[in-house]
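Novice: Here are the chains, one letter per residue:
There are 2 protein chains.
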Amino acid sequence: MFRLMEKPYLLFLGDIRDDLSAKTARGIADWRPGDCVGQYRMAGCGVSLGLADLDFAEARERGARTLVVGVANAGGRIPGHWEGDLVRAVEVGLDIASGLHERLNDLPGLARAARASGRRLFDIRRPEGPLPVGTGEKRPGKRILTVGTDCSVGKKYTTLALADEMRRRGIPADFRATGQTGIFIAGEGICVDAVPADFISGVAERLSPAADPDHWDVVEGQGSLFHPSFAGVTLGLVHGAQPDFLVLCHEPGRESLRGLPGRSLPGLAECLDGHLAAARLTNPDVRAAGFSFNTRNLDPAKAERLRRETEAFWGLPCIDPVINGAGAIVDWLENQ
Amino acid sequence: MFRLMEKPYLLFLGDIRDDLSAKTARGIADWRPGDCVGQYRMAGCGVSLGLADLDFAEARERGARTLVVGVANAGGRIPGHWEGDLVRAVEVGLDIASGLHERLNDLPGLARAARASGRRLFDIRRPEGPLPVGTGEKRPGKRILTVGTDCSVGKKYTTLALADEMRRRGIPADFRATGQTGIFIAGEGICVDAVPADFISGVAERLSPAADPDHWDVVEGQGSLFHPSFAGVTLGLVHGAQPDFLVLCHEPGRESLRGLPGRSLPGLAECLDGHLAAARLTNPDVRAAGFSFNTRNLDPAKAERLRRETEAFWGLPCIDPVINGAGAIVDWLENQ
Chain H
1 MFRLMEKPYL LFLGDIRDDL SAKTARGIAD WRPGDCVGQY RMAGCGVSLG LADLDFAEAR
61 ERGARTLVVG VANAGGRIPG HWEGDLVRAV EVGLDIASGL HERLNDLPGL ARAARASGRR
121 LFDIRRPEGP LPVGTGEKRP GKRILTVGTD CSVGKKYTTL ALADEMRRRG IPADFRATGQ
181 TGIFIAGEGI CVDAVPADFI SGVAERLSPA ADPDHWDVVE GQGSLFHPSF AGVTLGLVHG
241 AQPDFLVLCH EPGRESLRGL PGRSLPGLAE CLDGHLAAAR LTNPDVRAAG FSFNTRNLDP
301 AKAERLRRET EAFWGLPCID PVINGAGAIV DWLENQ
Chain R
337 MFRLMEKPYL LFLGDIRDDL SAKTARGIAD WRPGDCVGQY RMAGCGVSLG LADLDFAEAR
397 ERGARTLVVG VANAGGRIPG HWEGDLVRAV EVGLDIASGL HERLNDLPGL ARAARASGRR
457 LFDIRRPEGP LPVGTGEKRP GKRILTVGTD CSVGKKYTTL ALADEMRRRG IPADFRATGQ
517 TGIFIAGEGI CVDAVPADFI SGVAERLSPA ADPDHWDVVE GQGSLFHPSF AGVTLGLVHG
577 AQPDFLVLCH EPGRESLRGL PGRSLPGLAE CLDGHLAAAR LTNPDVRAAG FSFNTRNLDP
637 AKAERLRRET EAFWGLPCID PVINGAGAIV DWLENQ
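These protein sequence lines map, in sequence, to chains H and R.
At position 218 of the first sequence (counting the first as 1) the number is 218 in the working numbering, and the numbers step up by one without a gap.
Here the working numbering = 1-based position in the second sequence + 336.
If you're looking for bench data, these hints aren't it; they were derived computationally from the structure.
Glycine residues also receive a C-beta, built at the ideal position from the N, C-alpha and C atoms.
Don't take every hint at face value.
[To be verified] Computed far set for chain R versus chain H, every beta-carbon distance over 10 Å:
(1) 344
(2) 384
(3) 391
(4) 413
(5) 442
(6) 464
(7) 476
(8) 505
(9) 542
(10) 596
(11) 604
(12) 618
(13) 636
(14) 640
[Claimed, not checked] Not everything, but these chain R residues come out facing chain H in the computed CB check (under 10 Å):
(15) 473
(16) 477
(17) 528
(18) 532
(19) 610
Based on the sequences and whatever the hints tell you, model everything.
Specialist: Okay, here's the thing in structure tokens:
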């Protein structure tokens with residue numbers, strides 16, 4: 001279920017033309033530059049990640065193990081004119097991993113070439129069975145989960161910042177990825193929004209297995225209990241992750257829920273209470289560990305004032321991880 | 337997405353040996369005897385629904401349109417020795433509908449035979465794309481949803497009893513099926529627990545589309561917000577169904593959540609409050625319309641006392657639909 005991709009990566013950009021389509025590849029290059037030997041661009045590609053342009057053989061020589069198709073596409077299809085290049089990649093000795101909806105394994109020519117050269121094709125949006133049903137049973141190890149007032153408020157960024165900060169301090173910690181970009185960064189994980197609904201909490205349990213009592217799993221959240229499109233995903237993840245601590249992520253000033261113009265976000269108190277109440281079902285001792293604000297659209301002085309006021313009001317750390325890092329929350333956790 | 341199966345049905349029992357494996361077929365025969373022309377049993381079958389044993393040609397002569405594979409099976413597989421009979425069924429002119437995990441459409445011989453004879457194969461556990469994402473937008477028509485303190489407490493039974501009672505009174509109402517047996521009974525619907533997690537609320541919206549202001553959709557609930565295995569399914573369904581009224585289903589005396597020995601059920605007040613709070617996200621005016629108790633394991637006098645005490649305490653109707661029917665709740669709804 002949680003297939004481990006081999007690093008380092010060569011990032012495949014195909015012939016995409018706009019930066020938004022390269023969001024996943026850029027996330028990987030930003031967070032794990034050391035895991036990326038370069039980028040591969042086809043004729044007509046209008047985007048660059050600022051990495052070395054390498055062909056497959058050069059990349060292989062520099063150690064690349066997996067070609068990552070980290071691009072978005074209308075409908076998630078694999079354009080027919082990409083297939084020849086993908087076949088060449090496996091022939092040169094690269095595994096391929098893709099986050100597109102259309103499966104690499106469903107391209108007969110590519111699947112055949114991969115088998116012939118002993119390479120693996122990872123379709124990370126497709127869960128591979130059999131999937132587990134959640135049990136709600138408590139397991140050892142410490143867990144922290146990011147939750148949010150909305151989608152796309154910085155949960156992945158916050159989770160990565162927390163996990164990296166913990167590891168920098170020598171605290172045993174793993175980032176547990178639940179979305180596409182996170183999975184490429186971690187090299188493993190599962191897209192919880194793609195599993196059949198019956199198994200959401202079960203895969204969340206499996207994603208964060210029993211561990212040493214002082215080990216931290218830092219689990220990437222998804223959606224929001226207050227987003228009517230995706231709350232089911234969030235609830236299953238909250239129940240399965242069994243967090244000891246929640247960090248509530250928020251973008252101050254955002255006026256509408258993502259994708260739902262006119263529908264306002266919940267207040268912080270309502271949102272935190274709702275997520276804590278839900279989390280208590282599988283971990284009665286769950287607590288809030290602070291707030292993470294995405295303040296990129298705020299005046300910096302105003303953002304800093306808001307951050308301090310939030311800390312004072314709640315008696316909990318409040319960070320913008322891009323500006324402050326996640327140290328304040330890790331400090332707080334080390335004092336519990 | 338919501339494929340309409342043609343009735344009447346011939347119920348296929350294969351060579352199953354125990355009654356529990358025939359649960360779905362029995363539910364169809366109990367609720368819609370007029371939709372079932374008979375049963376088809378293979379040599380060695382140890383179960384009978386008390387219907388006429390018919391071969392495919394006889395069933396076709398009596399008007400049967402669809403052969404329903406309404407049996408459960410270890411792992412949800414279609415035994416190899418069934419395939420010959422299924423091929424004969426399509427050759428005789430029957431569509432086939434199955435609730436098993438393994439797809440009829442994945443049996444090459446059967447798929448070929450169905451194409452050749454122009455018959456349809458319905459795999460009702462497999463959602464067919466493209467699936468919609470929920471919007472949370474309010475739509476006209478009235479909606480009532482069953483929720484529960486646990487799985488398997490009588491939500492389907494209660495929903496069917498409510499819808500049938502409304503129609504008997506001439507109230508425009510549709511039963512909206514979200515699980516296997518219900519889908520066979522309705523002839524359409526969607527297994528919400530089988531859709532990818534991102535689409536739970538979206539399919540629930542689609543399942544119960546905009547309708548006349550005085551039309552009722554009576555929506556079959558699934559799982560429970562307080563069941564750690566399946567709460568994500570429940571939450572998406574609650575958000576997508578946008579119920580105006582909830583009926584809380586419960587089995588008094590049950591000691592553990594289904595499948596989770598030792599984990600107790602929530603109290604009625606906690607459970608009702610939790611479901612109402614969740615439902616308010618997409619319908620702030622949602623209210624409770626009463627309780628439905630499954631009292632089969634209680635002494636009848638004790639069950640009746642409990643029912644009356646519950647009504648007195650809450651000021652809302654409380655039924656055991658098997659004993660009392662759903663009239664008391666429909667009475668109450670007509671007075672709102």
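Novice: Indicate, hint by hint, whether the structure satisfies it.
Specialist: Going down the list of hints, with the structure as the test:
1. 344: 30 Å, holds
2. 384: Fine: 31 Å to the nearest Cβ keeps residue 384 of chain R off the interface.
3. 391: At roughly 36 Å from the nearest Cβ of chain H, residue 391 of chain R sits farther out than 10 Å, so the non-interface label holds.
4. 413: 12 Å, holds
5. 442: 14 Å, holds
6. 464: With a cut-off of 10 Å, residue 464 of chain R remains clear of chain H, as the shortest Cβ separation is near 14 Å.
7. 476: Holds, since 18 Å exceeds 10 Å.
8. 505: 32 Å, holds
9. 542: 13 Å, holds
10. 596: 6 Å, violated
11. 604: 16 Å, holds
12. 618: Residue 618 of chain R not clear of chain H: closest Cβ-Cβ about 5 Å, inside 10 Å.
13. 636: 34 Å, holds
14. 640: Residue 640 of chain R is indeed farther than 10 Å from all Cβ atoms of chain H, at 32 Å.
15. 473: 8 Å, holds
16. 477: 18 Å, violated
17. 528: 6 Å, holds
18. 532: At 5 Å from the nearest chain H Cβ, residue 532 of chain R passes the 10 Å test, so the hint holds.
19. 610: 8 Å, holds
Violated hints for the displayed structure, listed by number in ascending order: 10, 12 and 16.
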